[in-house]
Amino acid sequence: MHDMLQFARGPLFRLAFLVMALGLLRLVILALWGIGQMIYRARDHNNPYSKIVKTTLTWLIPIQRLHRIRPWLSYSSFLFHMGLIVTPIFLLDHIHLWRASIGISWPGIPKTAADALTLLVLAAGILLIGIRIFNPYTRRVSGFMDYFLVLLILFIFSTGFIASRPYNPIPYETSMLIHVLSADLILLLAPFTKIAHCVLFPLVRMTSELAWKFPPEAGKDAAIQVHGEVKPI
Amino acid sequence: MNKRIVIKSILWAFVSAGLVLAVARFFLGLGATTALSDDAPWGLWIAFDVMGGVALAAGGFVIAATVYIFHLEKYRPILRPAVLTAFLGYVAVVVGLQFDLGLPWRIWHAMIYWQHHSVLFEVAWCVMLYLTVLALEFAPVALEHPFLQWPILQRIHKLLKFLTIPLVIAGIMLSTLHQSSLGSLFLIMPYRLHPLWYTPIIPALFFVSAIGLGLMMVTLEAFVSSWLFDHKPKIELLSGLGRAASVVLFLYILVRFTDLTVRGQLGFLAEGSWQSLLFFFENAVSALIPAILLSNKKWRSRPDILLSCAIMVVFGMVLNRLDVGIAAIQKSPGYAYFPTWMEIGTSLSIVAAAALAYIFCAENFRLFIDEKHEEKSPEALRYEKPQFDVPSQAWLGDAFARNFSVFSIVAVLTIAFTAAILPSRALSRYEAKDVPVQAAQGWDILKIDGNRTGEYVLFDHKDHIARLQVTYGEREGCIKCHHARLPKDGPGRCGVCHSDMYKPKSNFDHAYHQSILLGNKSCAQCHPEGISKSKETAKVCSECHRAMFEHIDVKEPDYYIARGYVDAMHDLCIPCHTEQSKILGRKKLAQCAACHANPPGPAGAALNIENADELPRK
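Protein sequences, first through last, are from chains A and B. Our numbering runs 676 ahead of the 1-based position in the first sequence. Our numbering runs 279 ahead of the 1-based position in the second sequence.
Keep in mind that the hints were calculated from the coordinates and are not lab data. All of these numbers come straight from a predicted model, not from anything done at the bench. Worth double-checking, as some hints may not be accurate.
[Claimed, not checked] Straight-line alpha carbon distances no greater than 20 angstroms define the calculated SDA-like cross-link-like pairs of lysine to any residue that follow: (1) B:Lys282 / B:Val503; (2) A:Lys870 / B:Ile688; (3) A:Lys870 / B:Ser684; (4) A:Lys730 / A:Val875; (5) B:Lys610 / B:Trp429; (6) A:Lys787 / A:His772.
Next comes chain B alone, as it looks inside the complex (with noise of 0.2 angstroms):
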């Protein structure tokens, strides 16, 4: 069989692979599907899609400069190559990301809502603003096949074509804020990040890793494309190429080196911990013995050896935005973080589309444009001759369908098998855990804080009795709040039938009430006769507890389940305090921080609303 064929199998095996799991991620949750935790918010589709990808995606800028900028025509047939992996890189990027954020409906928000003062705000910005570049970069290519012909197309054409420099001029300079700004990321957790790799110039040495590995990316995708579509590699230009990574590298190394010797932190290279060794290993692979091998003339004029330079540098690459990313941050106690399949195999599944999209480009454009390029017309491609399937004599069809039934049966197949291996946890919805609550402690002022976490909410109860008795009423005043009470006692506390801090509870103890109404003969109390027992045609509970629910207003709960601690007081406090803070005209009083000071102080002290003073009290 053809080797196109055997190579677009394998990549339509892991995208439909990574639709089951786009499917389990995006219907059931972060949860469901990653190791991620408070502790590791940031896991492998952070550093390897973002982080590594946009670093990947690095040789478009570089061989767009040269070509444009510094002129080196000779490069210009690797131009468009080098392009469309930027671009491809890019949408690979954008949807990992995708993948990773807990509300990726609002990717859109840092457009609108600006926060200068965040990092992510540049990288959003550049992310944006540089795809947006690089599609345009790319157009002109794709505006060049015989079906994209129509005048307005054309008309676009030629607008961009004029454009080229200002766009390419607009990509290198967001590109050098873009793989820079990846690192400052990291410059807020200087003690989380491993002091060797940990600096204040992060930034600088991301960006000049980017261009050598962008440089020997362009060079690994030359030799794959060549294999892949039967030309030869152009030894030359790539030895050219290789000529300026080994100078980029060493830089690196020695930028990287001189970092730690200023910083007082070589001490940890002989540490001889397993983060000592991955940072040689580390090093060793991505930098040292690529640059010297590629600084040879003879040597780097040999195809094997300027390969796997390339294979070193990417693989190397890549994982120091893994460590910088994953393994070289330091986890809390009891905290580990890897990732699971499903993450690894999504993080596949986008590298695998964005090579089926360079293969379809590669087969539909002219993505290199010294090699000879066939043209089919529709009218050609109509008296095609048929290929007949020579056992059966079927008519295999035409070349959609022939491919068609190739890639689509490996793709049912990997669907279904990653749909069968699916862990348990994937296909119900991630659970909370029971957190009891415990209850509020003090009198006149409450400390509530549930789950025991030491942020707790100073509730100011003598305070509220007033300001809301002078509101509703005396009676009226409390039964705001509390709504529904205990037989035989006064006011009930909330945690009581709010048992669980964030998961509903059953309120209702059945057997307690079988046992005071004397046994099995009492079932027709609350169960009709002649109708299937159940919650839901039992009596409800107002029938009997008359004096129960005070409030007529508050509604019967559904079926004896109450909310969660957290969810029942923020539908208590926050309508009240929206309503007040309305009437009033003092919006801080409707904020989270009007409850959740810190440090913790009493609700409606000076600290956290203006003018408390004038807000209704007896």
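Chain A with its partners taken away, still in its complex shape (with noise of 0.2 angstroms):
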């Protein structure tokens, strides 16, 4: 059992951590690289890019426009993401094995708050399985994937926080090993599933940006793109 907490923790760590870092990272080059093809190939010089760039940044900040429609999903959302990303960085148990592994730590957050934060997400996951499945409209859009993924991060959550609890009904290792390997699972799932919006969310944001402020003539382009002369398509 140690052996394979020891295997989970190391190469297979080291496997799905760099698929997901350089697989996002080669989704964010093709995503800029797109946009640079189509600003090329729309031969547009005079787009407006601070707009552009405002507009795409608003877009992140999650609670200022979808609120006022679906006010549940929103603010259930909002809190899922915040404990999602903050607590697996900022935990001081993670900061440790990092140290321990290549020597680079940073301040951590208390351990009721990553327990806290923990919960919120536990709840808000729920919550927004919830509102995927009694809202007709999101059920008829939602597939396997969809359900899977908030799944499994709940699964991720609430192993590694019984496996911290000294009143762990299961022995400590095994309850650490599923943990692990379902944290891995989730890391090397990340560029091939709908958990690249992370980074892909502000670009294709960025591209429907520019893609509204194309001149009305762009069309003409496109069509000599596609038949080789101007006429109607």
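Got two chains here, each in a separate frame; can you build the complex from them with the hints?
Below, the structure written as structure tokens:
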């Protein structure tokens, strides 16, 4: 059991973490290149870039626009993301693992705060799944991965929470092994599933912001690209 | 999928694995990544990357000589690929050498610090110069590209074309020197290299074999690129190369066996040892079989035979370099060398990178002059029809995005996989073994040999006392060196605290202090109440042991860790010797040999230091 835990924390984690980091970087490069190609092919040099960047950044703040239409979704999703980002990075136990392996460390949050955030993530996640199931519109557009990923995240948080308790009913190493293995799985999946929105979200927003701003003549160039000469498509 | 994309993906996989290995090698060192040792300081990176790479690049000068010097214009179509292969081969050699050098940032030293007696000096200069020559020979091809049509570049282009013949001659000269000087490196080890491989004419053997290998490498590369870029190999031309190679390979075999006969070492062939079998195998594959096959006109006109001969010679001659560099070198008892997978992976990734560079040049430059070459203008690229993914109707992007999306996913997965399977020793720095110091022996003259290798330093203790007391006074003279002393003891011996030869050691015995200060109640005597108990917050030694640190200049030991013995001794002796050598104007006083004499003699003896008696002495 100990060896398996060491394997999941060592080689397997290195694999999963690098796949996540480099895979996401790859997606960012592809998205940026796509935006560049779009601007180049549209031959448009008068884009209101400052406005585009401003709108893109405003969209990053989650509870500005959506909360009027769907407040429950908006707030639970915001809290879910907050906990999801802060807890794994600033948990002292995780920082200690980083320091022990490659010698870098950063300030962490107190254990009670981490526990509170974990419970918050669990509550918000259950709420999100509930909204997804009980709202007929979202239910229709949801696939397997949409449920699986949220459930996987909830699973990771709950196993981590249980493993760090003194009154842990299962043996420590077993619960930790499950926690680490499922965390490795989600890191591995990150660049290939919708988790990639963690880096692609602003870029996708920027693409559509840009596309809305193209001049009316841009269609002509598109026609040339498809047909080779100017004629109605 | 397009075969070129598959091949390029595989090559990118090797290159990205190599990137991880490069990080491990350059940040964590040779000890973490290689199986090299003091007994086998030259391993795969020298034998394969450098010696094999240089030999494989021989096609460049051979074909250049054929076309420009012997005016066999028929061979002009394979000139550009041959020069490119040679250039990339030499770049690969230089990159591979960077991995192998202990201090790679000092590679330029050979340019400034000349050591005319060293073969490596010749090798270094040949590599630098021939790499430059090859770059200049290939530059005109690159400068034909439509993106590089600036006036200044075109002027350079014209100049280079004008200089072609001198460059080719320089290339032939440098290659001749360099191919053979790699063999000369092994002239200094007649007792380490097995007698079947060691010969005084090994430089000549290297040169002759390189010509045969160069011809066959060009053939192999012509077959591969014709398969990769869908054009027909010119069999008539390649069989001409085969004919020349046959002659050269026969000559090589003849010289090799004549040499064995003349030196009287033929007996080793009948020995039946693995070396003799390896020798037979190597010569059969690298020279004898291909030479026979290629000598027949009918056989060498068949593409399959030509290709298999090329593969045999390339494999066999690289095997020859591996034999000379690794296999035939006799190891000391108890030592063995087999490259780690990281060394093998690095070598493969360098080859893969060179192959990728070759494909890039073939796709972007006019490498095959009689093949049609389509140039796409930037304007045409803009109106290239977009490609769509059939199921999702998503735009696949332009050529760059399409290629990048394939190759980058390969790279991400290989990088992650390679980083995951790195052994634990490659993730942490190489650690020196414990080598406990043994106390110096003697009284007036001390024999200092902490690690017991027999290479001791004779330290004239009495003489040093005399000199130091003149300069610094009766007491100060002693504590110049004996800076700390143990309780109830006189000046302590160095090895008591500096107890390991190479590693810093803790010299604080916590359990002992705890016991003599009467157990757990005594914590507060060193660790102040109210703050966490650690090394950092505890009292420093000198607060209690007032007499222990004689010299106020000596800094408090960092958390009670004493430096390794070698470092401590060097730190003590060298600054003082350097200072004195400047004051007295005697350079030799500060040189290594002042103490590390061979054979060992008393330091300061007239053997090493001129006019030693002029130094201050009581």
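Cross-check of the supplied hints:
{"no.": "1", "hint": "B:Lys282 / B:Val503", "result": "12 angstroms, holds"}
{"no.": "2", "hint": "A:Lys870 / B:Ile688", "result": "17 angstroms, holds"}
{"no.": "3", "hint": "A:Lys870 / B:Ser684", "result": "18 angstroms, holds"}
{"no.": "4", "hint": "A:Lys730 / A:Val875", "result": "17 angstroms, holds"}
{"no.": "5", "hint": "B:Lys610 / B:Trp429", "result": "57 angstroms, violated"}
{"no.": "6", "hint": "A:Lys787 / A:His772", "result": "13 angstroms, holds"}
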